[in-house]
Structures are given as structure tokens and as C-alpha cells.
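**Student:** What follows is the residue order along each chain.
2 protein chains.
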Amino acid sequence: MTARAEGEQGGLRDRKKAASREALERVAKALFHARGFGAVTVDDIAAAANVSRRTFFRYFPTKEDAFFGRRAAQLEALCALLAAPRPGERPFRTVRRALVALSEQHVASREEILREHRVLAASPELLAKDLEWDRRALSALAVALARGGGEARRARLAAGAIVGALRVVIEEWIDGGAVGDLRASGEDALDLLEGLAPARG
Amino acid sequence: MTARAEGEQGGLRDRKKAASREALERVAKALFHARGFGAVTVDDIAAAANVSRRTFFRYFPTKEDAFFGRRAAQLEALCALLAAPRPGERPFRTVRRALVALSEQHVASREEILREHRVLAASPELLAKDLEWDRRALSALAVALARGGGEARRARLAAGAIVGALRVVIEEWIDGGAVGDLRASGEDALDLLEGLAPARG
DNA sequence: TGCCAGTTGACACTCAGTGCCACAATGCTA
DNA sequence: TAGCATTGTGGCACTGAGTGTCAACTGGCA
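The listed protein sequences correspond, in order, to chains A and B. If you read the first sequence in this note's numbering, its first letter stands for residue 13, the second for the next number, and so on. If you read the second sequence in this note's numbering, its first letter stands for residue 13, the second for the next number, and so on.
Please keep in mind that the hints were generated in silico from the structure rather than gathered at the bench. Backbone N, C-alpha and C define an ideal beta-carbon position, used for all residues, glycine too. A hint or two may mislead.
Residues on chain B that point at chain A, a partial pick, calculated with CB under 10 Å [stated by the list, open to error]: (1) 139; (2) 144; (3) 165; (4) 176; (5) 180; (6) 208.
Whenever a hint applies, use it, and build me the whole structure from the sequences.
**Tutor:** Have a look at this one:
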């Protein structure tokens, strides 16, 4: 075992690795957007990135994963926000802040989201995978909501309803061309759902 | 073109067809339960059902579909109930009746659901597909809720929250060994969510 | 310079899913 | 009951995802 930790991007080796990964993801997305997910093979991606097919699978466990870089980053950001409540803040308030921040990220990446959504809507296999991210967000929200000491069951219930409702809000925003006020729509939905959060323990 | 319509199960041919399909599904589930979804190949299923591999794919478009017969039937039953509101009934009431009926189906199929869930929990690829059924249920609920003439947006929002919350309720029921009162938990959740439904148009 | 560890490419393999064609079973009709 | 069209089935070959393995290469370090 070497003394160097894994993510310590100092060496040339690590920089090359990061570059390969980034190139693969970029090239893959470009191909998906151009031809649709199903019409692009891993061979195509590997060839376009000047890498062997085998190498592609060293960076991404499945073809789908080359598409979901954004979602992974989004979830990570959400979890980070949820894990850092302000002192004395009610759990629902923390959740609201985190989700509002998420909506602002969405608005900022408007173009990319629209492009991705076009690919997503045309390939059901991607849609299925996409829903899994919601499940993970749900767990994170449930943990955050339960922090106040209320019932854990109730926290999960509220998290489920929030995720379910916000997915609809985001979809409507996208279907409307991503021109509406996503933040406002999201906050309206959260207002309606606030009563679901567990009472203070 | 023959005069006979497609589903007219009178002839020997149709009975054989139905039997093959049923045998494939039964055999497939048995194998999935015994070894796990990933450890069973389509060849295994076909062989166990005394049918060629090619024939399997004439009955089920994917291996997953041999697992989700129940879900398909469930969704169909849900849609049927939603499509038949009682005269003068508020949309939310129709939805509640349909979902209560669904919960009773769940309780009645307790054993099978537990067995299926064991398979499901052990194979993420199935879980992803499973979530797609929720999406379809969501659309059906949204249509039913919008029937009152209220805002369509609001109806979809409520449908999203309901589906999100009820999935959590069902999961908790299953995780608890399917011994709790699912109907009561579901109704409690619906009580909390009733305010989300669009106001009367 | 030479060793070590990690990265890559090439090859072979399994398995899901599809198109195609020949064959057999079924149902209808003469 | 013989003959016909229809339709289900099996076999085969093919594409594409994903994995294991091994030899060759490259960066880091002494």
C-alpha cells in the first residue's frame, strides 16, 4: 500500500485519470444528446474518447452512469446542506433551505437540464435509474427531518411526500421550458407540506 | 385477417398460450425466489418451463417483466377503481377508496408480497423498474384528482405527494414483516395529505 | 537506473435481447 | 377427412452490455 491517499490529485497520474474520466463523460453526453441514449454504444464512446472499451468500464460501472454525473453531484450537495443545520434551526427549515438551494442550482443549470431531459424522456431505461436518485434523496431528507427528535416514521412519511411532490414541481418546470420561477413553485409546495413534518420532540 | 378477436380464449390454441405464459411466470418467480434475480438466466427459466429461450421473449419483453405481473395487475385494478367514481363523490374520496382497496389487496397477498420484496431488495435493477409503476400510478391519481375541476397542477402535486408518502407507508409495513395495520397507516397518511387536493372547481 | 504499484488494452467469455426462417400445431373449410 | 391459411415455436446468428484475466506500459520513488 502506498502512503498517498486515493483522491490526492497531486501527481500526473491522478490528473490524467481525472482528465480521462471527464473526457469520457463529456464525449458520452455529447453523443447521447446527438443520437439518443440507445443509439450510442460503449464502443462509440470509448472510440470518441480515444480509450479502449474496457477502460470505459473502469470509470463507469454501467453506460447509464456516464449520464448521471450531475445527479450524483446534486445529491452530494443536498446531503452536505442537510448535514449542516444552523444552530437552533428547526429541521424543516434546514430541509427547506437545502431544497431552495437545489432549486437555484437547477435554475443556474437550466440549459443543461433541458438538454439532459430530452435524452431522458426518450429512453425509459434512463428514467428508471433516475428515480433511484429520488430514493436516496428521500433517505437523506428523512434523516434530517428526524433530527428534531420527532417520530422517525413521520419523518420518513414527510420525506416521501416532499420528494414526490417536488419531483412533480421540477417536471412541470422542465415541461414548461424551464422558464417559470422554480424556486417559488418549490416553496409553495413546501408550504403545503410543512404540516407533515414531525412535531418537535 | 381472421374474424376472431385476439383475446377470445375459446380455442385450444389460446388456452395453451395462456398456460405457457402462466407456467413461465410461475417458474420464473420460483427461480428468482430461490436464487435471486441476477443468478437466474432466461435460459434457466425457459428450460424449467420446457420452452425455448426464444419463446420466453415472445411472452415477456424483458426478464424483469416476468417478475412484475402482480404490479401490472395492481395498477390495472387501481385504474379501474379510479375510473369509476361514485356519483357526486369528491375526487379525493374516490382516490381514498381506491387506495384503501389497494391496501386490502396488499394485506390479502401478504405472503407473496414478502417473498417478492426479498427478491426486490436484493437486486437494484428490479428496484429501479419498480419505481416506474409508481409513476404510472401517479398519473392515474392526478387524472382522478383533477376530475373535480380544480387546478391540474395542484392535482399532480397532490398525486406526487400521495404516491411518495404511500410508498413509504407500504415499505414500512413490509419492513415490519407485513403484520401491522396497513389500511390504518395508509388512511392516516391520507388524512394528513387531504389538504393538498385541489379545491372544488 | 531499476523496482513497485497502478493503469491500460486486448481478448475471450456470459448473458439479454432481436431478426429471420423453417417447421409444426391449430382452426377453418370443402 | 383432406387441404389450406394462420399462428406459435425452435434454432440460429447477431449485436451490445458487462466482467475476468493477463501482458504491456507508465508514473512515482529510492
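**Student:** Evaluate each hint against the coordinates.
**Tutor:** Now the hints, each set against the structure:
no.: 1; hint: 139; result: holds, 7 Å
no.: 2; hint: 144; result: holds, 5 Å
no.: 3; hint: 165; result: holds, 6 Å
no.: 4; hint: 176; result: holds, 2 Å
no.: 5; hint: 180; result: holds, 4 Å
no.: 6; hint: 208; result: holds, 6 Å
When each numbered hint is compared with the structure, no violation occurs for any of them.
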